[in-house]
Amino acid sequence: MKFLDKGFLELNVNKEKRNTVVRPSDTLLEVLRDQLGLTGAKPGCKNGDCGACTVLVNGLPVKSCLMLAVEGAGHEITTIEGINVAPMQQAFVDEFAFQCGYCTSGLL
Amino acid sequence: MIPFDFEYYKPTSAREAVSLFNTLNSQGKKPVYYGGGTEIISFSRLYQLYPKAVIDIKGIPECNVLEFQNDHLIIGAAVTLTQIQESNFYPLLSWCGGRVADHTIRNKITLGGNICAKIPYRESILAFLVSDCEVVIEGVNGARRDYLKLLPFIRG
Chain A
0 MKFLDKGFLE LNVNKEKRNT VVRPSDTLLE VLRDQLGLTG AKPGCKNGDC
50 GACTVLVNGL PVKSCLMLAV EGAGHEITTI EGINVAPMQQ AFVDEFAFQC
100 GYCTSGLL
Chain B
0 MIPFDFEYYK PTSAREAVSL FNTLNSQGKK PVYYGGGTEI ISFSRLYQLY
50 PKAVIDIKGI PECNVLEFQN DHLIIGAAVT LTQIQESNFY PLLSWCGGRV
100 ADHTIRNKIT LGGNICAKIP YRESILAFLV SDCEVVIEGV NGARRDYLKL
150 LPFIRG
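As you go down the protein sequences, you meet chains A and B in turn. Numbering that gives the first Met the number 0 numbers the first residue of the first sequence as 0 and each following residue consecutively. Numbering that gives the first Met the number 0 numbers the first residue of the second sequence as 0 and each following residue consecutively.
Because the hints were derived from the structure by calculation, they are not lab data. All C-beta atoms in this analysis are idealised placements derived from N, C-alpha and C, irrespective of residue type, glycine included. One should not assume that every hint holds.
Only pairs whose alpha carbons sit at most 25 Å apart, straight line, appear in this in silico PhoX-like list of lysine-lysine [stated by the list, open to error]: (1) A:Lys-45 - B:Lys-57; (2) A:Lys-14 - B:Lys-29; (3) B:Lys-117 - A:Lys-14; (4) B:Lys-57 - B:Lys-117; (5) B:Lys-51 - A:Lys-5; (6) B:Lys-29 - B:Lys-51; (7) B:Lys-117 - B:Lys-29; (8) A:Lys-14 - B:Lys-28; (9) A:Lys-16 - B:Lys-57; (10) A:Lys-5 - A:Lys-16; (11) B:Lys-117 - A:Lys-16; (12) B:Lys-29 - A:Lys-1; (13) A:Lys-14 - B:Lys-51; (14) B:Lys-28 - B:Lys-51; (15) A:Lys-5 - A:Lys-45; (16) A:Lys-1 - B:Lys-57; (17) A:Lys-16 - A:Lys-1; (18) B:Lys-117 - A:Lys-5; (19) A:Lys-5 - B:Lys-28; (20) A:Lys-1 - B:Lys-51.
Far from chain A by the CB rule (all over 12 Å, computed), these chain B residues [unchecked claim]: (21) Asp-4; (22) Pro-10; (23) Thr-11; (24) Asn-21; (25) Asp-55; (26) Glu-61; (27) His-71; (28) Asp-101; (29) Asn-106; (30) Ile-108; (31) Gly-111; (32) Cys-115; (33) Leu-125; (34) Ser-130; (35) Gly-141.
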């Protein structure tokens, strides 16, 4: 597989096939937020330290700021928008486990 | 954001990757092999690294091997530290590798990248320094085995 310049890329996000136009050097976080409107994953340090941008790739948590969008091709990506009242989300609500809430989607 | 463009290649064999590297290198594109990419992305963001091409090795079957073959534990360069830790074939390596970054990044960091990294957090090397290990490197003339010659890689 080659991806030489800006072009179409199909991504499987939250069990939907979504078409995006990406540069090979775009990170998954930028594409999720700016093109797909999924702003639940947040840019924090953009360096893989803080975890605010965490999403699931094939069920495993990965920092979307340290992953290229092209790497996501053929994998199942799940953002906070694709998690529907998981037990952990309910626990956060019940225990009021928020301060400002910016990183909460990453924590979940 | 990475403030420049690069070309992305995902070859399906080690030979193809090496010939790609040579071609791109002769075109002055300063190619880098891309495993987990965590270091490449963070360095690129800071303009400390500016390749015009990256070669993703995750599509090469040999780089994804993690199993025993004839009493040898074979670990591919693109195997993640999480996979190593969970399979736990070599507990010292699991323990050392388990101390790198945090668990979400270890889902991305690969063994090959951790050994060849420029950043100093290369804990998994320790397990290899105290064991009888060898590295297999694909070159222009085919694969080559190097016994106990890990040190040149470690210096980066």
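**Report entry** Contradicted hints - numbers only
**Finding:** Hint check: 2, 3, 8, 11, 13, 18, 21, 22, 23, 25, 28, 29, 30 fail, others pass.
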